[in-house]
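K.L.:
Residue numbers (this note's numbering), protein chains in the order written: chain A, 21 to 551; chain B, 16 to 395.
By construction, these hints were calculated from the structure, which means they are not laboratory data. Hints are not guaranteed to be accurate.
The calculated lysine-lysine pairs, modelled on DSS-like cross-linking and capped at a C-alpha distance of 25 Å, are [unchecked claim]:
| hint | chain 1 | residue 1 | chain 2 | residue 2 |
| --- | --- | --- | --- | --- |
| 1 | B | LYS255 | A | LYS517 |
| 2 | B | LYS326 | B | LYS371 |
| 3 | B | LYS80 | A | LYS443 |
| 4 | B | LYS280 | B | LYS265 |
| 5 | B | LYS162 | B | LYS296 |
| 6 | A | LYS517 | B | LYS83 |
| 7 | A | LYS512 | B | LYS296 |
| 8 | A | LYS517 | B | LYS85 |
| 9 | A | LYS517 | A | LYS213 |
| 10 | B | LYS255 | B | LYS267 |
| 11 | B | LYS255 | A | LYS443 |
| 12 | B | LYS296 | B | LYS190 |
| 13 | B | LYS296 | B | LYS281 |
| 14 | B | LYS228 | B | LYS265 |
| 15 | B | LYS43 | B | LYS189 |
| 16 | B | LYS123 | B | LYS284 |
| 17 | B | LYS284 | B | LYS265 |
| 18 | A | LYS513 | B | LYS83 |
| 19 | B | LYS272 | B | LYS386 |
| 20 | B | LYS265 | B | LYS43 |
| 21 | B | LYS85 | A | LYS443 |
Just some of the chain A residues that point at chain B, by a computed CB distance under 10 Å [what the hints assert, rightly or not]:
| hint | residue |
| --- | --- |
| 22 | PRO86 |
| 23 | PRO292 |
| 24 | SER365 |
| 25 | TYR435 |
| 26 | PRO473 |
Cβ atoms here follow ideal geometry from the backbone N, Cα and C, with glycine treated the same way.
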Amino acid sequence: MEANTHLQSEPHGPPSGIMRWILTTNHKDIGTMYLIFSLIMFFVGGAMSMVIRAELFQPGLQIVEPEFFNQMTTLHGLIMVFGAIMPAGVGLANWMLPLMIGAPDMAMPRLNNWSFWLLPFAAIMLVSTLFMEGGGPNFGWTFYAPLSTTYAPPSTTYFIFAVHILGISSIMGAINIIATILNLRAPNLTMMKLPLFAWTWLITSYLLIAVMPVLAGAVTMMLFDIHFGTSFFNAAGGGDPVLFQHIFWFFGHPEVYIIILPAFGIVSSIIPTFSRKRLFGYSAMVWATASIAFLSLIVWAHHMFTVGMPLTGELFFMLATMLIAVPTGVKVFNWTATMFRGSISFETPMLFASAFLVLFTMAGFSGLMLSIAPANMQYHDTYFVVGHFHYVLVPGALFSVFAAVYYWLPKWTGYMYDEILGKVHFWLSFIGVNVTFFPMHFVGLAGMPRRIPDYALQFADFNAISSVGGFLFGVTQLLFVFIIIKCVKGGKKASAKYWDGAHGLEWSVPSPAPYHTFVRPPEIEEDKDYF
Amino acid sequence: MQRLSVCVFLMFASLWTCNGVSAFNMKKGVSDVSNSVYDLHMTMFFICICIGVIVYGFMFYAMIKHRKSKGAKASNFHENAFIEIVWTTIPFLILIAISIPATHTLIKIYNQDDSEIDIKITAYQWKWQYEYLGEGVSFFSNLQTPKEEIVGIRKKNPNYLLEVDNPLIIPVDKKVRFLVTSSDVIHSWFMPDFAIKRDAIPGFINEIWTKVKYIGTYRGQCAELCGKDHAYMPIVVEAKSQQEFDSWIKNKKIEAKKERELASKKWSKQELMTRGEATYKKICAACHQPNGKGSPPVFPALDGAAIVKDKDKIAHHIDIVTHGIKGTAMQAFIHQLSLVDIAAVITYERNAWGNKTGDVIYPQDINNYIKTGKYQPQNK
Chain A
21 MEANTHLQSE PHGPPSGIMR WILTTNHKDI GTMYLIFSLI MFFVGGAMSM VIRAELFQPG
81 LQIVEPEFFN QMTTLHGLIM VFGAIMPAGV GLANWMLPLM IGAPDMAMPR LNNWSFWLLP
141 FAAIMLVSTL FMEGGGPNFG WTFYAPLSTT YAPPSTTYFI FAVHILGISS IMGAINIIAT
201 ILNLRAPNLT MMKLPLFAWT WLITSYLLIA VMPVLAGAVT MMLFDIHFGT SFFNAAGGGD
261 PVLFQHIFWF FGHPEVYIII LPAFGIVSSI IPTFSRKRLF GYSAMVWATA SIAFLSLIVW
321 AHHMFTVGMP LTGELFFMLA TMLIAVPTGV KVFNWTATMF RGSISFETPM LFASAFLVLF
381 TMAGFSGLML SIAPANMQYH DTYFVVGHFH YVLVPGALFS VFAAVYYWLP KWTGYMYDEI
441 LGKVHFWLSF IGVNVTFFPM HFVGLAGMPR RIPDYALQFA DFNAISSVGG FLFGVTQLLF
501 VFIIIKCVKG GKKASAKYWD GAHGLEWSVP SPAPYHTFVR PPEIEEDKDY F
Chain B
16 MQRLSVCVFL MFASLWTCNG VSAFNMKKGV SDVSNSVYDL HMTMFFICIC IGVIVYGFMF
76 YAMIKHRKSK GAKASNFHEN AFIEIVWTTI PFLILIAISI PATHTLIKIY NQDDSEIDIK
136 ITAYQWKWQY EYLGEGVSFF SNLQTPKEEI VGIRKKNPNY LLEVDNPLII PVDKKVRFLV
196 TSSDVIHSWF MPDFAIKRDA IPGFINEIWT KVKYIGTYRG QCAELCGKDH AYMPIVVEAK
256 SQQEFDSWIK NKKIEAKKER ELASKKWSKQ ELMTRGEATY KKICAACHQP NGKGSPPVFP
316 ALDGAAIVKD KDKIAHHIDI VTHGIKGTAM QAFIHQLSLV DIAAVITYER NAWGNKTGDV
376 IYPQDINNYI KTGKYQPQNK
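Bound conformation, chain A alone (with noise of 0.2 Å):
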């Protein structure tokens, strides 16, 4: 590959000044934008999730009102959703797809700039609506009519316009990852050639495109409930709430695994380059990938079986769920056959895979547990489904990013970032995440509702660990910045493939990797092994 390099050239390099970042088309930078973008909504939620676990440290009133309360955990869960996990993953995708397939940019740049753009926009929208009359959303952020259409703040039509303009860019974003790793792969490479990060990220773009549309139809017809007098989700005018879930879950079941199938690829990438060894099993991984984007799409009202569903609904939605297990198992069986004599290193990227590996596992473990349906009666809507889909977000979708931004982070700075601060970051957060969210699976069998300021006093104790556990992990989240930031002003220069285990086209190119990437596509030989 090292034949490669004399083709990186540099026709032109990028404009300065602040009209570079608006005006640019190049994935680089846009992938930079995205995770800028998305670590800056990871504090802002963040700092909800501390004022949440700072009132709910004991019991009784002490920081916040019941109204306001209500406020954070909203934006929250809508801000963490589409605010910083999803264009985390979106970035990661616009930086490393195009060197990872041999691309030289997105296949259509200018709509990539405009799906970042949309971003800033939709997400000061939606965090304005907390200084309007009668404060931001306080339905929850899977926003259940008619709390959500009649009995909602004024604010809401700003909301459901934030709902539609994120939608809009995850669409297009969608759709321009879908085309570049179809049409632009360098020659001979083939699907099945292709990295396990490209096949999730396929993967994923096409439940964004089949779901997103049904997320905006959702809030559309709650703007028409509340402004233009129809009743889809208003009992009293022949309209149905339970109609409401239906449309939500079929958009928010997916939403899950949209967050969580990048994930997926990212550790399909780690693994392998720290354990030395080639990833166990790829084609099980993709077919894996497939059918559980496949049966995320019929699973959807598991999270409703308590709405009143027909006993033959509840027991389709059970089993349905239970399918899930059986594709999600084979991923964790071979990534752990990848780990199987290898030659283990643990640096920070892989430290973070392998908690990813391990925390992932009792995810879907308490999934499991909920996909029971006559179990679920007991378990729906406390503290053991917040328990369950936190393990999931943060040591799932989270840990991964951060994997992923320390794996590719001397690729697009060039420097190697501070190894033992990326260690202490690592250790920190995971014992961090684990005392926060651990004890909630306690609490929720035990019987705490979710989504309340106030509880009875025997949840007090288990509720002062997880908020003695969010603050160590959100405090920790302050280092990670700083090692970004000491990493992007210099450092240990990095070589172009830093990690000697790593294999790819992405470490072809030199650290940093040049304003313009695979101008002339690479050479693929036939019968050659990259991944």
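Mind docking chain B on chain A? Use the hints.
P.N.:
Chain B alone, transformed into the frame defined by chain A:
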């Protein structure tokens, strides 16, 4: 690896020994259904522990033994169709095994036949109404914990947030069917001891049943976010012997009869004000606040509001309280409150705080308004 297995063991041991009565684990509960749900939960937990020990065993073995720093050399295997089939099939078989008892329990939960008592549960922001169908007995169940305990001025009692003024009373060993619905947003009637969680949805009536085995007091909470005071609408059920239940419901019927007779009684302004204040605090203050200032724009102020102060808007005032305002959080109280309570609360609102209008509205006025749609004051 050792540390983990010790942790898992301790966790498991603690869960097993406390036998369902703990702050750690699901309650075993007091009905057949809740017992099967508990067993299902523990079976699932045990299966997860077993799978976990094996999977984590391999993971940690690799992480510890196959490290570069220990001189491990990487092997080259990366594919094996046989093992892929094995680890696809085994979980599949485990799932089939689990689905049998799960389906069995689910069918039991859905068997609504032969109920002996039917109770309609209607959720309101933020209280429950219990109606004994065919008995003419109906009442509201509100949070009883005083505000002082919530804001921390007074020490919290052991049943903090899990206590109500009027608990639901049911007899033991009878199949009690609950018909759950809502008058405003979605709530959820959650009683861990019965393994019941049913959403209360406006426009829908959901059925669920229980047969409680032991006399006792059981506590739960609303489980679906329903607005501001979601944390403050607990559920308390007292299961009594059949005898005690019978005499309780007999007294309730007599009380209900007396209450209906009150509507034709002659009321003084002072009596109406006292009763109105109590009703206001119980029903209205959650949104409009005890001081009548509300929390605009969703919950408007009543203190100084034109509808409450102007003489010629009395009819409008009565209309809002009885029929509510469509498209807002203001409910129709015509079926929730008695004529006396509606008259009393309107009288109270028109004379409390700065609204010293001197207007007195009588139960008969409300009755006339409901029938004719007009307000014609009785000159008493």
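K.L.:
Please go over all the hints and tell whether each is borne out by the structure.
P.N.:
These are the hints, each one checked on the structure:
no.	hint	in the structure
1	B:LYS255 <-> A:LYS517	74 Å, violated
2	B:LYS326 <-> B:LYS371	12 Å, holds
3	B:LYS80 <-> A:LYS443	21 Å, holds
4	B:LYS280 <-> B:LYS265	24 Å, holds
5	B:LYS162 <-> B:LYS296	12 Å, holds
6	A:LYS517 <-> B:LYS83	19 Å, holds
7	A:LYS512 <-> B:LYS296	68 Å, violated
8	A:LYS517 <-> B:LYS85	24 Å, holds
9	A:LYS517 <-> A:LYS213	20 Å, holds
10	B:LYS255 <-> B:LYS267	15 Å, holds
11	B:LYS255 <-> A:LYS443	60 Å, violated
12	B:LYS296 <-> B:LYS190	36 Å, violated
13	B:LYS296 <-> B:LYS281	23 Å, holds
14	B:LYS228 <-> B:LYS265	23 Å, holds
15	B:LYS43 <-> B:LYS189	19 Å, holds
16	B:LYS123 <-> B:LYS284	55 Å, violated
17	B:LYS284 <-> B:LYS265	32 Å, violated
18	A:LYS513 <-> B:LYS83	24 Å, holds
19	B:LYS272 <-> B:LYS386	22 Å, holds
20	B:LYS265 <-> B:LYS43	33 Å, violated
21	B:LYS85 <-> A:LYS443	20 Å, holds
22	PRO86	5 Å, holds
23	PRO292	9 Å, holds
24	SER365	4 Å, holds
25	TYR435	24 Å, violated
26	PRO473	6 Å, holds
This entry does not satisfy hints 1, 7, 11, 12, 16, 17, 20 and 25, going by the numbered hints stated previously.
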